[in-house]
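Enquirer: Residue numbers (this note's numbering), protein chains in the order written: chain B, 1 to 283; chain H, 1001 to 1279; chain X, 2001 to 2325.
Do not take every clue at face value.
Now the in silico label distances, taken between C-beta atoms and shown as ranges [claimed, not checked]: (1) B:M229 x H:V1015: 35 to 45 Å; (2) B:K100 x X:H2057: 35 to 45 Å; (3) H:R1195 x B:P138: 13 to 23 Å; (4) H:V1077 x B:P138: 50 to 60 Å; (5) B:M229 x H:H1222: 14 to 24 Å; (6) H:R1195 x X:G2138: 56 to 66 Å; (7) B:A189 x H:H1222: 52 to 62 Å; (8) X:Q2063 x H:L1016: 47 to 57 Å.
Covered stretches of chain B, as calculated for chain X (at least 3 residues, CB under 8 Å) [stated by the list, open to error]: (9) 177 to 183; (10) 190 to 200.
Since the hints were derived computationally from the structure, they do not count as laboratory data. C-beta atoms are modelled at their ideal positions from N, C-alpha and C, and glycine is treated no differently.
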Amino acid sequence: MPSMTTRKASWRAPSVLPGFGLTFGFSLAWLSLIVLIPLSTLFLKSAGMGWHAFVDVGFSSRALTAYRLSFGTAIAAAFVNAVFGLLVAWVLVRYEFPGKRVVSALVDLPFALPTAVAGIALTALYAPSGWVGQYLDPLGIKVAFTPIGITVALIFIGLPFVVRSVEPVLADLGKDVEEAAATLGANRAQTFARVIFPAILPALFTGFALAFARGVGEYGSVIFISGNMPGRTEIAPLLIVTQLEQYNYDGATAIAMVMMLVSFAVLFTLNALQSIRRRRLGA
Amino acid sequence: MRRHAPGTESRTAQVLLIGLALTFLAFFLMLPLVAVFSEALKQGVRPFLDAVTNPDAFSAIRLTLIIAAISVPLNMVFGLAASWAITKFSFPGKNLLLTLIDLPFSVSPVVSGLIFVLLFGAQGLLGPWLSAHGVKIIFAVPGIILATVFITFPFVARELIPLMMEQGKDDEEAALSLGANGWQTFWHVTLPNIRWGLLYGVLLCNARAMGEFGAVSVVSGHIRGETNTMPLHVEILYNEYDFVGAFAVASLLAALALVTLVLKSVLEWRFDLHSGASH
Amino acid sequence: MIRVQNITKRFGNYPALHGIDLEIQPGEFIALLGPSGSGKTTLLRIIAGLEFQDEGHVYFDGQDVSDIPVGKRNVGFVFQQYALFRHMTVADNIAFGLSVRKARLRPAKAEIKERAQELLRVVQLEGLGDRYPGQLSGGQRQRVALARALAIEPSLLLLDEPFGALDAKVRKDLRRWLRDLHKQMGLTSIFVTHDQEEALELADRVVVMDHGRIDQIGTPEQVYMEPATAFVSHFVGETNRLPDGRHIRPHDIEIVTAASGRGEGQLLVDNVFRKGGAWRVEGRLHGSETIVEIDVDAHEPPPGIGQTVAIAARRARTFALAEEA
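Take the sequences, apply the hints, and build the full model.
Expert: Printed below as a string of structure tokens:
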């Protein structure tokens, strides 16, 4: 043991606890095997395709329509979730009511429920003959097999991201800040707009971004309710599957790359904005 | 005399907001859940039981259980190893490692399946080598296991890392100073400290392993009786318009989800764990 | 003038305040002193309007403010943990109270800025207006909190253990600074503390509270020299409680020579150490296990450990049974 620590002390801080070599080595190996190597095939294949082939499939009109649909519905759903997720988080943190614990557990349902199960359930609800669809259909509001249906499914999927991101920050906010605002003469609305909301905005933004990222790549909960009509309700992940079924590996890869790069860009921007803010406010 | 404590809303406003939140949740979250069970039992108990006990359903259930039984322990070991390495030692690149561990979360399930097809599929990187040796990964169980391991990779680690960071190294250093070796320390000191967090992580990992759809759909080839997990089986039945069958199997998964939620809540409340599900 | 009349407050079954009566003159600096749970913070918050009493009234200059919401009582409140708005600059924090006023009463933007700058000068934080609270030290944050409360030109300043979260040195400096500020501004102020040194140093009058009741109201001198109850005697300054029921301060016991014949008891010395400018002698009374602490003038040689010395009381107090803690 002592020899292990002195040998490794050159590149990391020396330590008393044993097991670094074993655990770090194993972690790195497992990580490489399961995550890094498989992911790298995506990059390798994209690189190997050549720019023109990549653009041809990755940005074909069918692909562009699919991107518009996937990103558009994901943003719309994320917005709805931002509003109602904030409401739910507020109610759970601030108020007491009977059954609160059950409600709080329920918020995690989309995390725990298999996506395919959610998918068929939502379709059953919003189809013209479904519990909800039967009321909306006569009004001319078609949900199933339209982008609206996709958005509804993504609202289901994304809600916990917003609620769980906002809750801890809201809980940490502390009543004294709001009381301070009250002593200074602010009414409840002013307090919310100028004191509370700005303080939780970063967390809300994080939740929004996470819900968005999840929504863009969502498959199981969407493919049943969307109807999968190319050019209308074909989401990008489905397009990937279609390409694969036709053994068009290149096509599938190109589209997957585009999606991944956009997701990474979103998350990277988010992280950058957060750290700028943190630095400015001085932690 | 309308006084209400400053720093909070009037009682009316509170009731309104609670009502609005509950209505939203009931509509968007509860309704689908109820619909699963309602549709499953639509034609009565008999058809429901038939749907979940026929041979195809059985093999789907069996496969799902096998997948979970293999992927969850593997990722649990990884999670333990990674958390130990990250939280008990200082080394450069920790942040990078953490980001890499989170990677599967930011990848679409379909893409998660795609990468294994690209690696092991017939036209993939290792495809020719595999077929030359008669090894089937894609469109067979090993492929499903790999994809599931990828997808559920971060769960245990993400749960343990913040927990172990909070607990620090004091207990372990104390054990060492008393003469314990690494394994003893881990087994008798660390493990008891983290057991509820570990259980929580395993719980989430398992729920996802059993319920994964997108990635598994891509790698499995949908071969009935052979490479169908329960979620895939649901899809097949649904596409064949066997709605009762689909919802029946789905209701088993929904029941599993409910059990997961209950256990999760119990762990959170009794042992003061925070949900590690969101960043 | 602030008048608190017969205030009672219960939290569930727990009686936080009982029949509190208090009068505060304009310009006074009052300390609410007591241990945790004495109700001092609750009383402060009721005066502010952050809590509501179950019984009793609060009058500002003769007007019953019990139904007036906190935002309209024109009080400045300084919180223990500062409660600064972390996402706003220091200047914006200070200006907040002015910027949320209704349009009619709100000064022009330029004027608000000017006032914020002026207050920054008053609290000696000039030039830090564009910083964020997270970039300031604890002492600086507390001064921002004070400036923010003063910005609305309150008629009453309330401070809830304002220095509790700070280092000892910073606390001392801020105490002195606050006293000077009060002398300058003459604003009626009530502050809550559990630190009796602080109360004695700063206040014009001290209100000693215990378990929801007021034990004594008086000047620092009165409360120290003439404690009304055993609790006050022990909470404010140090007191020895002798087996015969007398309460004596360490500096009111003297060591006498056996020859003088004034000795009232024997003390077996256990420990001798310097405390501030004196020798602190700790020992046990002969014939009991009572531990007694004596302050001996630093210029005289103290007794040795293990020695037995004769002691006599210079001033002692006895309290009626009802007043014993």
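Enquirer: Could you run down the list of hints and mark each one as holding or not?
Expert: To see whether the hints hold, each was checked on the structure:
1. Between B:M229 and H:V1015 the beta carbons are some 44 Å apart, a value that agrees with the proposed interval 35 to 45 Å.
2. Take B:K100 and X:H2057: their Cβ atoms lie about 37 Å apart, and the range 35 to 45 Å holds.
3. One distance hint, 13 to 23 Å for the beta-carbon pair H:R1195 and B:P138, is violated here, with the actual separation near 55 Å.
4. In this structure the hint that H:V1077 and B:P138 lie 50 to 60 Å apart at CB holds, the actual value being about 56 Å.
5. Separation of B:M229 from H:H1222 is about 21 Å and conforms to the stated range, judged on CB atoms against 14 to 24 Å.
6. A hinted range of 56 to 66 Å is violated for the C-beta pair H:R1195 and X:G2138, which are about 39 Å apart.
7. B:A189 and H:H1222 have their C-beta atoms about 55 Å apart, which keeps the hinted 52 to 62 Å range intact.
8. For X:Q2063 paired with H:L1016, a C-beta distance near 34 Å fails the hint of 47 to 57 Å.
9. For the segment 177 to 183 of chain B, the proposed coverage by chain X is satisfied: 6 residues have a C-beta within less than 8 Å of a C-beta in that chain, meeting the threshold of three.
10. Evaluation of the coverage hint for the segment 190 to 200 of chain B: fulfilled, as 5 residues show C-beta separations to chain X shorter than 8 Å, against a requirement of three.
Comparing the model with each earlier hint shows violations of hints 3, 6 and 8; every other hint is respected.
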